[in-house]
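Residues in the sequence shown are numbered consecutively from 56, following our numbering.
Just so you know, these hints were derived from the structure itself, not from any lab.
Quick caveat, the model's predicted, so the values are computed rather than measured.
C-beta atoms are modelled at their ideal positions from N, C-alpha and C, and glycine is treated no differently.
Be a bit skeptical, because a hint or two may be false.
[Said to hold, decoys possible] Estimated spans, in silico, between C-beta atoms of each pair: (1) 156 x 228: 31 to 37 Å; (2) 271 x 183: 52 to 58 Å; (3) 186 x 148: 37 to 43 Å; (4) 209 x 555: 35 to 41 Å; (5) 315 x 271: 27 to 33 Å; (6) 262 x 479: 18 to 24 Å; (7) 136 x 437: 58 to 64 Å; (8) 471 x 147: 56 to 62 Å; (9) 355 x 183: 45 to 51 Å; (10) 73 x 174: 43 to 49 Å.
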Amino acid sequence: MEAKTGKRRAHVLLLLVLAVIAAAALVAERFHLRLDLSADRANTLSEASRKLHEEIPEKLLVTYYITPSLADRHPGPRAVEDFLRELEAASRGKISVSLADPSSGEQARAAESFGLAPQRMQIVEQNEQRVALVYSGVVLQYLGRSQVIPFAIGAETLEYDVVKAARALLSERRSLAAILVGDADKSLANDYRSLSQAFAAAGWETKELQRGEEVPPESSVLVVLGNADMDDYDAYRVDSFVASGGKALFAVKGVDVQASYGLSAAPLKDTAILRLLESYGIRVREELVLDPSSLTIPFQTPGPTGGMQLRYVRYPHWVVTRPEYRDAKNPLTARLAGLDLFWPSPLEIVKREGIEAAELVKSTAKAWLQTKDFAVGPDDEFRYAAEAGSTTGQYLLAASLSGSFPSAFAGKPVPKREGAAALPPPPARSQRGRILVVGSADFANDLMGMTDSGFNASFVADAAEWLASGDELVAIKGRGSRDPRLNKVREPARRAALASLAYALNLVVVPGAVIAYGAVRAGKRRRAARELERGGPPAAGAAEGAVDDAGEGRSE
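When you get a sec, could you build the whole thing from the sequences and use the hints?
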C-alpha cells in the first residue's frame with residue numbers, strides 16, 4: 056500500500072515538474088530577462104529604442120539579409136539578430152522583423168534593389184582557401200520608403216544606426232551637414248578626409264560651402280572649421296543661420312600655427328568669427344594652452360652629420376583631454392572615447408541674457424599658457440614652459456551655448472563685398488538654437504592620422520548629431536566606447552615611476568619569487584633525505600616535501 060502511494064506521489068511530482076517547465080517555456084516566449092554586465096549597459100535597449108514605437112503611426116518593416124555561411128562562421132550576425140528581435144519585442148507590434156537568405160536569386164535581387172552590395176570574405180574549408188560573397192545588411196521600409204544599413208557585422212553601433220534610419224524614414228528629412236572651411240590654405244577634400252568618412256559612416260550627407268555662400272536653410276547643422284580667413288561678409292552668413300535657429304559647431308583658434316612653414320605661430324587679431332562668438336557669449340583668447348597631458352610626436356630635425364633625423368618630442372601643445380575633466384552629465388562628453396586638441400586656445404564664458412552656457416571639456420589643473428612668445432617648434436623645447444610659473448591652471452577648451460541668439464549685426468550696417476550679392480537684412484526675430492565651440496581649429500583635420508586620434512572625427516560627427524537631434528542618439532552611440540591607446544598616465548614623472556615598477560615586478564620580483572620557491576623546495580628535499588638516512592622521522596616541513604616528492608614519484 057505504501058509502495059503504491061509512493062509511486063503515485065512520484066508520478067504527481069513528475070507531472071508537476073513537467074507542467075512547470077512547460078509553463079516556463081511559454082512565458083519565455085513572451086517575456087525575457089537578460090543580465091547586462093557590459094560597460095555603460097551597452098547591450099541593453101536604450102530608452103529611445105524602447106519608446107520608438109510611440110513615433111511610428113504605421114508598421115515599420117525591418118529585413119535582415121544574411122548569408123547563412125557568414126552566420127555559421129561569425130558571431131556578429133547572431134548579435135544583430137538578437138538586437139532586432141529584442142527591438143521587435145519592445146515595439147508593441149509596430150516593428151516587424153524578418154530574416155532573408157540572399158543566396159537564392161529572388162532574395163539576392165531584392166537585396167540589390169535596395170542598394171545592398173555583397174562583401175568579400177575569405178573562407179578556409181578542408182585546407183582550401185577561397186573568397187565568398189556574403190550579405191549582412193539591414194533594410195527598413197515604411198510606407199513605400201526605405202533606408203539601408205549596408206553592412207552590419209555586429210551590434211556595436213547597430214542600435215544607433217537603426218534608430219537614426221527609422222527616424223529619417225518617419226520624418227522624411229535627411230541629415231545634412233553644411234561644412235565651411237574658414238582657412239584659405241585648407242579644403243574639405245584635401246585636409247578633412249577622415250572627417251568626411253566619419254560623417255558618411257554616421258549616415259550624414261555633407262555639403263561644402265564656399266566662404267560667403269548662404270547656408271542652405273535645410274541644413275541640420277553648420278560646421279565651421281577654422282577662422283583665419285573669414286571676414287564680416289562670411290560671418291554675416293553664419294550669423295543669419297544661427298539667429299534663425301540653426302545649430303552650429305565652431306572649431307576655431309586664437310593663434311594661427313602654420314604647420315607647412317616651419318611651425319611659425321602668430322595671434323589672430325580681431326577676426327570676424329571670434330567677434331561673432333563673443334557676441335553670443337564665448338570669448339576665444341589669442342593664446343595657446345599647453346598641458347603635461349599631451350602627445351609624443353615625431354619631428355624631422357637636422358642631424359649632427361647634416362642629414363635629417365627623426366626625433367620624438369613630448370609636445371604639450373597637442374593636449375590629450377582627460378575623462379575626469381569632461382562634463383559627465385552631457386551625453387556628448389560623458390562617454391567620449393577620446394579627444395586630442397592640437398594647438399588649443401583657452402575659452403571664456405561671457406554672460407549674455409537669455410543664453411545658457413555649459414563647460415564641456417577642460418585641461419588638467421597643471422596646464423599653462425603661451426601668451427606672447429609662441430614657441431611651437433621642436434627646437435624650441437626649452438622655451439615651452441617659459442610662462443608656466445605665472446599661468447599654470449585649468450582652462451576651458453570646449454563649451455556649448457543654447458538659447459535665442461540675437462543677430463550680432465542687428466543695428467549695424469550690412470557688410471558688403473565687391474562683386475558679391477547684396478546680403479539680406481538680419482532676421483527680425485531670433486529663434487532658439489544651440490552652438491558648440493572647440494578652441495582648436497586643427498583637431499578635426501587629417502593631422503589626427505599622425506597620432507591615432509580618429510575619435511576626433513567621430514566627436515565632430517557625434518557633436519553634429521547632438522546639436523541637431525538632442526541627447527538620445529548620441530547617448531546610444533557613446534555607450535561602451537573607450538580610448539584603446541595605452542595613454543592613461545601622461546605625467547612624465549609618474550609614467551617613469553610606473554614603468555620602473557613594471558620592470559622591477561617583471562624582471563626582479565617575479566623571477567626572484569620563482570627562484571626563492573625553488574630554493575625552499577630544494578632545501579626541504581635535502582633535509583628530508585638526511586633525516587631518512589639517519590633513520591629518524593623527518594621535520595614537519597621536510598615531511599611535507601617528502602610526501603610531495605613521493606607523490607610525484609608515484610605519479611611518474
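Verification of the hints:
Between residue 156 and residue 228 the C-beta distance comes to about 33 Å, which sits within the given range of 31 to 37 Å. Against the hinted window of 52 to 58 Å, the Cβ-Cβ separation of residue 271 and residue 183 comes to about 54 Å, which satisfies the hint. Checked against the given bound of 37 to 43 Å, the beta carbons of residue 186 and residue 148, roughly 41 Å apart, stay inside it. Checked against the hint of 35 to 41 Å, the C-beta distance between residue 209 and residue 555 comes to roughly 40 Å, which is consistent with it.
At roughly 32 Å, the beta-carbon separation of residue 315 and residue 271 lies within the given 27 to 33 Å, and the hint holds. A beta carbon spacing of about 20 Å between residue 262 and residue 479 agrees with the range 18 to 24 Å that was offered as a hint. Under the hint 58 to 64 Å, the C-beta atoms of residue 136 and residue 437, about 60 Å apart, fit the expected range. Between residue 471 and residue 147 the beta carbon distance is about 58 Å. The supplied range of 56 to 62 Å therefore holds.
Checked against the hint of 45 to 51 Å, the pair residue 355 and residue 183 passes, with Cβ atoms roughly 47 Å apart. Checked against the hint of 43 to 49 Å, the pair residue 73 and residue 174 passes, with Cβ atoms roughly 47 Å apart.
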